[in-house]
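For this one, chain X is given, so just place chain V on it according to the hints.
Protein chains: 2
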Amino acid sequence: MHTILIIGAGKSTSSLIRYLSEKSTPQNLHLIVADKSKAIAQKMLENSDSAEAMELDIFNVEARKKAIINADIVISMLPARFHIEVAKDCLVFNKNMVTASYVSKDMEELNEEVTAKGLTFMNEIGVDPGIDHMSAMKVIDEIKEKGGKMLMFESFTGGLVAPESDNNLWNYKFTWNPRNVVVAGQGGAAEFIQEGKYKYIPYQRLFRRTEFLEVPGYGKFEGLANRNSLAYRSVYGLEDIPTIYRGTLRRVGFSRAWNVFVQLGMTDDSYHLQNTENMSYREFVNSFLPYTPHDSVELKLRLAMKIEQDDLLWDKLVELDLFNANKKIGLKNATPAQALQKILEEKWTLQPEDKDMIVMYHKFGFELNGEQKQIDSTMVSIGENQKYTAMAKTVGIPVGIACLKILNKEITMPGVLRPIHKEIYQPILKELEEYNIVFNEQEKAYKGYNPDILS
Amino acid sequence: MHTILIIGAGKSTSSLIRYLSEKSTPQNLHLIVADKSKAIAQKMLENSDSAEAMELDIFNVEARKKAIINADIVISMLPARFHIEVAKDCLVFNKNMVTASYVSKDMEELNEEVTAKGLTFMNEIGVDPGIDHMSAMKVIDEIKEKGGKMLMFESFTGGLVAPESDNNLWNYKFTWNPRNVVVAGQGGAAEFIQEGKYKYIPYQRLFRRTEFLEVPGYGKFEGLANRNSLAYRSVYGLEDIPTIYRGTLRRVGFSRAWNVFVQLGMTDDSYHLQNTENMSYREFVNSFLPYTPHDSVELKLRLAMKIEQDDLLWDKLVELDLFNANKKIGLKNATPAQALQKILEEKWTLQPEDKDMIVMYHKFGFELNGEQKQIDSTMVSIGENQKYTAMAKTVGIPVGIACLKILNKEITMPGVLRPIHKEIYQPILKELEEYNIVFNEQEKAYKGYNPDILS
Numbered sequence: 013m014h015t016i017l018i019i020g021a022g023k024s025t026s027s028l029i030r031y032l033s034e035k036s037t038p039q040n041l042h043l044i045v046a047d048k049s050k051a052i053a054q055k056m057l058e059n060s061d062s063a064e065a066m067e068l069d070i071f072n073v074e075a076r077k078k079a080i081i082n083a084d085i086v087i088s089m090l091p092a093r094f095h096i097e098v099a100k101d102c103l104v105f106n107k108n109m110v111t112a113s114y115v116s117k118d119m120e121e122l123n124e125e126v127t128a129k130g131l132t133f134m135n136e137i138g139v140d141p142g143i144d145h146m147s148a149m150k151v152i153d154e155i156k157e158k159g160g161k162m163l164m165f166e167s168f169t170g171g172l173v174a175p176e177s178d179n180n181l182w183n184y185k186f187t188w189n190p191r192n193v194v195v196a197g198q199g200g201a202a203e204f205i206q207e208g209k210y211k212y213i214p215y216q217r218l219f220r221r222t223e224f225l226e227v228p229g230y231g232k233f234e235g236l237a238n239r240n241s242l243a244y245r246s247v248y249g250l251e252d253i254p255t256i257y258r259g260t261l262r263r264v265g266f267s268r269a270w271n272v273f274v275q276l277g278m279t280d281d282s283y284h285l286q287n288t289e290n291m292s293y294r295e296f297v298n299s300f301l302p303y304t305p306h307d308s309v310e311l312k313l314r315l316a317m318k319i320e321q322d323d324l325l326w327d328k329l330v331e332l333d334l335f336n337a338n339k340k341i342g343l344k345n346a347t348p349a350q351a352l353q354k355i356l357e358e359k360w361t362l363q364p365e366d367k368d369m370i371v372m373y374h375k376f377g378f379e380l381n382g383e384q385k386q387i388d389s390t391m392v393s394i395g396e397n398q399k400y401t402a403m404a405k406t407v408g409i410p411v412g413i414a415c416l417k418i419l420n421k422e423i424t425m426p427g428v429l430r431p432i433h434k435e436i437y438q439p440i441l442k443e444l445e446e447y448n449i450v451f452n453e454q455e456k457a458y459k460g461y462n463p464d465i466l467s
Numbered sequence: 013m014h015t016i017l018i019i020g021a022g023k024s025t026s027s028l029i030r031y032l033s034e035k036s037t038p039q040n041l042h043l044i045v046a047d048k049s050k051a052i053a054q055k056m057l058e059n060s061d062s063a064e065a066m067e068l069d070i071f072n073v074e075a076r077k078k079a080i081i082n083a084d085i086v087i088s089m090l091p092a093r094f095h096i097e098v099a100k101d102c103l104v105f106n107k108n109m110v111t112a113s114y115v116s117k118d119m120e121e122l123n124e125e126v127t128a129k130g131l132t133f134m135n136e137i138g139v140d141p142g143i144d145h146m147s148a149m150k151v152i153d154e155i156k157e158k159g160g161k162m163l164m165f166e167s168f169t170g171g172l173v174a175p176e177s178d179n180n181l182w183n184y185k186f187t188w189n190p191r192n193v194v195v196a197g198q199g200g201a202a203e204f205i206q207e208g209k210y211k212y213i214p215y216q217r218l219f220r221r222t223e224f225l226e227v228p229g230y231g232k233f234e235g236l237a238n239r240n241s242l243a244y245r246s247v248y249g250l251e252d253i254p255t256i257y258r259g260t261l262r263r264v265g266f267s268r269a270w271n272v273f274v275q276l277g278m279t280d281d282s283y284h285l286q287n288t289e290n291m292s293y294r295e296f297v298n299s300f301l302p303y304t305p306h307d308s309v310e311l312k313l314r315l316a317m318k319i320e321q322d323d324l325l326w327d328k329l330v331e332l333d334l335f336n337a338n339k340k341i342g343l344k345n346a347t348p349a350q351a352l353q354k355i356l357e358e359k360w361t362l363q364p365e366d367k368d369m370i371v372m373y374h375k376f377g378f379e380l381n382g383e384q385k386q387i388d389s390t391m392v393s394i395g396e397n398q399k400y401t402a403m404a405k406t407v408g409i410p411v412g413i414a415c416l417k418i419l420n421k422e423i424t425m426p427g428v429l430r431p432i433h434k435e436i437y438q439p440i441l442k443e444l445e446e447y448n449i450v451f452n453e454q455e456k457a458y459k460g461y462n463p464d465i466l467s
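Protein sequences, first through last, are from chains X and V.
13 is the number of the first residue of the first sequence in the numbering used here; add one for each residue after it.
13 is the number of the first residue of the second sequence in the numbering used here; add one for each residue after it.
Just so you know, these hints were derived from the structure itself, not from any lab.
One should not assume that every hint holds.
Sample of chain X residues facing chain V (criterion: CB under 8 Å; computed from the structure) [to be verified]:
1) P38
2) G200
3) K209
4) Y210
5) I213
6) R221
7) F224
8) L276
9) Y283
10) H284
11) L285
12) S299
13) P302
14) T304
15) E310
16) Y458
FRET-style restraints, in silico, Cβ to Cβ [said to hold, decoys possible]:
17) K344(V) x K232(X): 42 to 48 Å
18) L380(V) x E320(X): 58 to 64 Å
19) D323(X) x L242(V): 31 to 37 Å
20) L242(V) x E331(X): 53 to 59 Å
21) A128(V) x E125(X): 56 to 62 Å
22) A128(X) x K100(V): 51 to 57 Å
23) E331(X) x K434(V): 33 to 39 Å
24) K434(V) x E320(X): 52 to 58 Å
25) K344(V) x P364(X): 18 to 24 Å
26) K459(V) x F224(X): 56 to 62 Å
27) L325(V) x S308(X): 27 to 33 Å
28) N452(V) x Y461(X): 55 to 61 Å
Which residues of chain V face chain X? A few of them, derived with a C-beta cut under 10 Å, are [as the list claims (entries may be wrong)]:
29) E203
30) I205
31) Q206
32) R220
33) R221
34) F224
35) A243
36) V247
37) V274
38) L276
39) G277
40) S299
Glycine included, every Cβ here is placed at the ideal spot set by N, Cα and C.
Extracted from the complex, chain X is given alone in its bound form (with noise of 0.2 Å):
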């Protein structure tokens, strides 16, 4: 019998959690969820004979070592800066570790050691990162190998409301943390290179700097630029490439809208608003409006953002009762973001019966055989209910799936990791189909950015 310890039982862990306990009986597994509450622990667990909760205090030393001498592989489900003492741990008692953030720059300084003692630290093995590493790897890899070149890579994801779930005008509901929605896209301007030019686009106009796509099935969305996309060219082996853009989705009219809270101001959380307990909903966003008494907040407002009167702009704010006198911030001292935020999850938090969305959208273009090429690859998954999340599907199940495949030598590779190579993402791609997790890859001609007809 193994044994498998998941430290934290967030909810992003119920598909994980679920995923593993179908496994272990056939499989013969102990499966053991730790968290600082054991009931919420016991919560994820369900019915679960093979499984047991446990109570764990991460900053307790002496239980968590105790706790991880006696697993057989770990899976950090920890927020990400909790997992570098997890991980000294592991290395210390010959454990074998999985997470699904971002390789951190404590963690790459063990890569040495790690790859010494032969242990696997695989990271990066959620949705984004994760799933994107792996849809994407497989299909340049396989460029490569027919003695392609890359010439552009374009990924975006999004994690959005089902269709339908999706009744506001927004076209948006919170599927995961709801202040990093609010703060997205602060502290420091988005890079990417096209056609080998480099491109910064700072926070004041990201929302003006979409680009429209389209997924069979499911409609427009657009892409907006993340932070950094220059780094994926040295961690996909694309460094030459002239063209590399990484974005978010949303849909189509989000980021003109949400640009209105940019300018005003009310994203930023690097002050705190006079009196917010007291502040209504007008009183906040007149609080970023000029003083002149006798013109109305809405006017003020139509005038600053230069909001025509039959824009459906102008009813996705309205939608969110932003000009209600009456409703209150009730925050203590809180920053702007923290306001608005207050004020989105009143309209924007999924409902019992809501399901979210992950749509990820990879565009590669290449030349082989002296054409050029493209080729389209789309993943949409569809959450079930609250609980079983596609967020927490997409994130947990490839998670799930490296830990099976590290403990049962499938995968042997040692270092510390991300799923970029091909021995990594091609079986845990495999897998990942039986969960409905698919990529539908199109070829079509590359245009790169030639439009058609020029005046």
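Showing chain V alone in chain X's frame:
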């Protein structure tokens, strides 16, 4: 004979040194100007007999202490962050001290000891801060003494090019550190209060939220909000004032054009662009615009910023040679702000015959005997030439006056001070009039924010 030690002989010390040199014979003064470079100190002295230049590295503790021990009073004209070391020595050796900089937290913490020793550490006695404090407190105290109640305080200062040297479309040249001008307004929202309503302006809206001011004899200016106006409530004893607003002056039209740089991301100083050494001005602009290779940089910029073809704003951009494909940035690893500064310095550097100008505008709204009134107080100072600029004059002369009045015991208040007390500002403002630094005060009806005509 009294010895005055001036530490630091930067550009802003010219008028200070001339002022003190002129007073040295009648007042029996010995002036020592100490700088890292003796040559720079010597050059500032010109032919003064009563003054000597000295080489001093302020990080050489022994040399610094020795210089301070031998002085009767110390003026620190160093960059603000270096004052504290000088201040600590002055405290130990019982020397009074003068600076033109904002009181830092470190400096503030010396207050108790400075007061206990009966010493005077006068700070914020340049132009802004300095002349602004004194000229504002004079009117505020007068209103209060008459039994008036303050309703509004707005205050604006601008360092600009004098009308006779104003020959570009921006009506602007660099009259102080260009870097500070390029990054001005970043790092937090502007906060102020108008008729009891707190208002916040984020950086991305700062240059679109200006107000106009007319200075008699000098025409129209625009004012844009400074970062924190609220802190001045306690400094000026205006805790309950319903309106307080501080800002910076530019000529009308500057801010709307500058906003193009802000929106495109050209003022960002937080990251480095690729290949800036060989980047042309045109490529610099293009790096902030979408990649559409069949459109010109000009067209893309006009579209992105919605600049109509007959808008004079466009000519401002062209005047800067922004679209020149031959001129190079020529800086390694430049940030956007550094690259922009390079471009602007080519056009906005004061020429040898150019004169600068300091403009100050205060508005005081108050209620007296049941009547609402307003006093507008304005001051304009024009530089003599590139050495004796208006900036050097308005910074240096009040520093010099304060120094002599402390030395002569006309100012004896102890502590870490700002010139906000009547016994300090009154004699200094009086002497400033001899140097043509005079405020023009005009009383008018107070209208507040109530326009005459409402539809």
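Inset, instruction - With chain V as the partner, please determine if Y283(X) meets the hint condition of a C-beta pair closer than 8 Å. - result: Hint on Y283(X): holds, closest Cβ of chain V at ~6 Å, below 8 Å.
Legend entry - C-beta pair K434(V), E320(X): status relative to the range 52 to 58 Å that was hinted: Since K434(V) and E320(X) have Cβ atoms about 55 Å apart, the given range 52 to 58 Å holds.
Legend entry - Cut-off 8 Å, beta-carbon criterion: hint that E310(X) touches chain V: Given a least distance of 16 Å, the restraint on E310(X) is violated.
Legend entry - Closest C-beta approach of I205(V) to chain X relative to 10 Å, hint status: At 8 Å from the nearest chain X Cβ, I205(V) passes the 10 Å test, so the hint holds.
Legend entry - Status of the hint placing H284(X) at chain V (closest C-beta pair under 8 Å): Hint on H284(X): violated, closest Cβ of chain V at ~10 Å, above 8 Å.
Legend entry - Pairwise beta carbon distance, A128(X) to K100(V), judged against the given window 51 to 57 Å: At roughly 53 Å between Cβ atoms, K100(V) and A128(X) fall inside 51 to 57 Å, so the hint holds.
Inset, instruction - Let me know if the C-beta of A243(V) comes in closer than 10 Å to any C-beta of chain X, holds or violated. - result: Violated. Min distance 13 Å.
Legend entry - Status of the R221(X) interface restraint (C-beta, 8 Å, chain V): Where the cut-off is 8 Å and the nearest Cβ of chain V is about 6 Å from R221(X), the hint holds.
Legend entry - Restraint check, 8 Å cut-off on beta carbons, for I213(X) near chain V: 7 Å, holds
Inset, instruction - Using Cβ atoms only, decide whether P302(X) comes closer than 8 Å to chain V, and label the hint accordingly. - result: Holds, about 6 Å.
Inset, instruction - Against chain V, run the beta carbon of F224(X) and see if the smallest gap drops under 8 Å. - result: Violated. Min distance 13 Å.
Legend entry - Consistency of beta-carbon spacing, P364(X) to K344(V), with hint 18 to 24 Å: Cβ of K344(V) to Cβ of P364(X): about 57 Å, so the range 18 to 24 Å is violated.
In this structure, the hints that do not hold are numbers 1, 7, 10, 15, 16, 18, 20, 23, 25, 26, 34, 35 and 36, in rising order.
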